[in-house]
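Enquirer: Turn these sequences into a full structure, and let the hints steer you where they fit.
2 protein chains.
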Amino acid sequence: MPTIKDVARLAGVSPSTASRAMHDNKMISEATKERVRKAMEELDYSPNYSAQNLVKRESNTIGIILPVRENQDSLGNNPFFMQIIQGITSVCTEKDYMVSLASGRSDEELIKNIQTLIRSGNIRKFIFLYSKKDDPAFSFVQKEQVPCVVVGQAYGPANQETMFVDNDNFQAGQDVTQFLLDRHYQNLLFLYTDLDEMVEMERIKGYLDRMQSLGLKALSFQLSRVDEAKTMAELQSFLQQNPQIEAMICCDDVIAVRTQRILEWLQYKPSDFAMISFNNTMVTELAKPSLTSVEIFPFQLGEKAASLLLERNLKGLDKPYFLPHEIIERGSTPYL
Amino acid sequence: MPTIKDVARLAGVSPSTASRAMHDNKMISEATKERVRKAMEELDYSPNYSAQNLVKRESNTIGIILPVRENQDSLGNNPFFMQIIQGITSVCTEKDYMVSLASGRSDEELIKNIQTLIRSGNIRKFIFLYSKKDDPAFSFVQKEQVPCVVVGQAYGPANQETMFVDNDNFQAGQDVTQFLLDRHYQNLLFLYTDLDEMVEMERIKGYLDRMQSLGLKALSFQLSRVDEAKTMAELQSFLQQNPQIEAMICCDDVIAVRTQRILEWLQYKPSDFAMISFNNTMVTELAKPSLTSVEIFPFQLGEKAASLLLERNLKGLDKPYFLPHEIIERGSTPYL
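Protein chains in written order, with the UniProt record's numbering: chain A, 1 to 336; chain B, 1 to 336.
These aren't lab readings, by the way, just hints derived from the structure by calculation.
Among the hints, erroneous ones may be present.
Identical copies go unnamed one by one, so any copy, or any two together, can satisfy a pair.
Stated by the list, open to error - Here are the simulated PhoX-like pairs of lysine-lysine, each with C-alpha atoms no more than 25 angstroms apart in a straight line:
no. : residue 1 : residue 2
1   : K319      : K133
2   : K288      : K269
3   : K5        : K112
4   : K112      : K95
5   : K230      : K288
6   : K112      : K33
7   : K319      : K205
8   : K38       : K112
9   : K33       : K95
10  : K5        : K38
11  : K5        : K26
12  : K26       : K95
13  : K217      : K95
14  : K133      : K112
15  : K319      : K143
Here the structure is a predicted model, which is why all the values come from computation and not from measurement.
Expert: Printed below as a string of structure tokens:
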């Protein structure tokens, strides 16, 4: 493995000059820096980060914090984590940063892992891939006063080192409502499972806001997460009481496909209701009819989170950084 | 942050004794080791890995190598990576290892990232989350002579530091065939997309082997990955020429759901063919009827890969380490 001495020799400078050049010291001329850079490339030299860490007390590594997994499947079923991670690593590659993961089966284990990254790995920069109420891991990172970016929305106050990156789910809720209205549907139903989830809450609020501002009647229905028979009976009676419903907004693609199945069991035809949903996952193409859905660009969320963290301009931004979304039109929303 | 001197003071020993105790030196009594361990716990002391790395030239970190992503979606659509990663981190947490990621948009970028992990991060242990023919990243790691475990099957010879962990897809192909035969289906069709994929090749070989050994006629059909209209026309004519077909084996769940859709367009009833598939992803529940499928336990694959890598007993194992699979029965395979 080449050393800094090899680089210095090839560049024709002293090792200390080579080191200053590598650290972009203002005392060193651009021409010398260029010679040192070329020598580094030619020798395929990487600075020894471990040695640097002892001095800098900070590694060139970002720590990604995954949510606690309650069971082996709970994470694999979220189709976004991998894409967000890819977006993060894409930016880190460009900036010569490495990426480490922290995960755990419990809050305690997750915190222990974050602690290991901070104390043993000298990692001082973190990205939370999730956001939840009263999260002990988040509180721990807040107390450590290290810069962090949360992919998701804020549940409460955060310190000045923290920043949030997310889609504007309220706006997206308004947009899908307007999309259906533009296609001449007026009697809309919003389907959701859990309003404790910030994402669902924001989306339904956007829907309610849009309907209210136009003086239209807003309807919503909660699907049970577990009991399919109960859900089917309740939805049947709900639709009988509200025969005017023409279109449905589903809080995510899986809810939409579940609803399609229930409607089929209830002997409704696919053409009886238009349907739009959120997340634009692979199931949109497997649905019948294929689902119009809101693309939320998880790869770009990851990219933006990493860029903000590495730019170190976190301070003073107390609002979430919103990334755009886009409605992808498919067969489930023809003009009425 | 506490130092080794603080630990030594609390334990009532010299710093060098504390250090020897931490490294489990035989010169140090169990009683002293226990005192040092307690002092470490009380002070919440972690050894400074960076400092250790300079001596050991090896970090307590495993590098996970992701496949090159051709586009932003290509990885997010594989439902297994996240679960395999979770299995890996689960084992690493127990053994106080950290986990870093290497990924890239091209072979060159991926290799550059692996190089950074090796040279700057002192990482000497890797897990490939994929396996493909003539892979430059794999060749690079082979040349570096670092221990690695591949989740997948071997495409060619590998050095003594390398080991493979996988499901026995040949056996799984035999098992799904027998499962259908046990339910009294005899005229089976195997559907696949790409036999260059080792996984698909092994699965169909298992099917062909089982059919041949029983003297039954084996049929197979290749679905185009892209052209749905062409696939539909070809499958229609294939089924007209082979009206005896009673059941279908699909090489994965997505192929199965695609096939269900095509069959519906072709005016077949869901009860016309039994269907079984592989991977047991979330789409099995969204299919109509819900799909019987082979669970491949990706979390356990990750756990096993990490255990083997950390046990350092890689040498001498020239066969892949096979993990069990399990057929999960759902509505698509009633008794005939």
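Enquirer: Each hint needs a verdict: does it hold in this structure or not?
Expert: Outcome of the hint check:
no.: 1; hint: K319 - K133; verdict: within (18 angstroms within a copy, 47 angstroms between copies)
no.: 2; hint: K288 - K269; verdict: both (11 angstroms within a copy, 15 angstroms between copies)
no.: 3; hint: K5 - K112; verdict: between (39 angstroms within a copy, 22 angstroms between copies)
no.: 4; hint: K112 - K95; verdict: between (28 angstroms within a copy, 12 angstroms between copies)
no.: 5; hint: K230 - K288; verdict: both (23 angstroms within a copy, 20 angstroms between copies)
no.: 6; hint: K112 - K33; verdict: between (42 angstroms within a copy, 22 angstroms between copies)
no.: 7; hint: K319 - K205; verdict: within (18 angstroms within a copy, 57 angstroms between copies)
no.: 8; hint: K38 - K112; verdict: between (42 angstroms within a copy, 17 angstroms between copies)
no.: 9; hint: K33 - K95; verdict: within (18 angstroms within a copy, 43 angstroms between copies)
no.: 10; hint: K5 - K38; verdict: within (14 angstroms within a copy, 43 angstroms between copies)
no.: 11; hint: K5 - K26; verdict: within (21 angstroms within a copy, 38 angstroms between copies)
no.: 12; hint: K26 - K95; verdict: within (21 angstroms within a copy, 44 angstroms between copies)
no.: 13; hint: K217 - K95; verdict: neither (51 angstroms within a copy, 57 angstroms between copies)
no.: 14; hint: K133 - K112; verdict: within (20 angstroms within a copy, 39 angstroms between copies)
no.: 15; hint: K319 - K143; verdict: within (20 angstroms within a copy, 49 angstroms between copies)
In summary, the structure is inconsistent with hint 13 from the numbered list given earlier, while agreeing with all the others.
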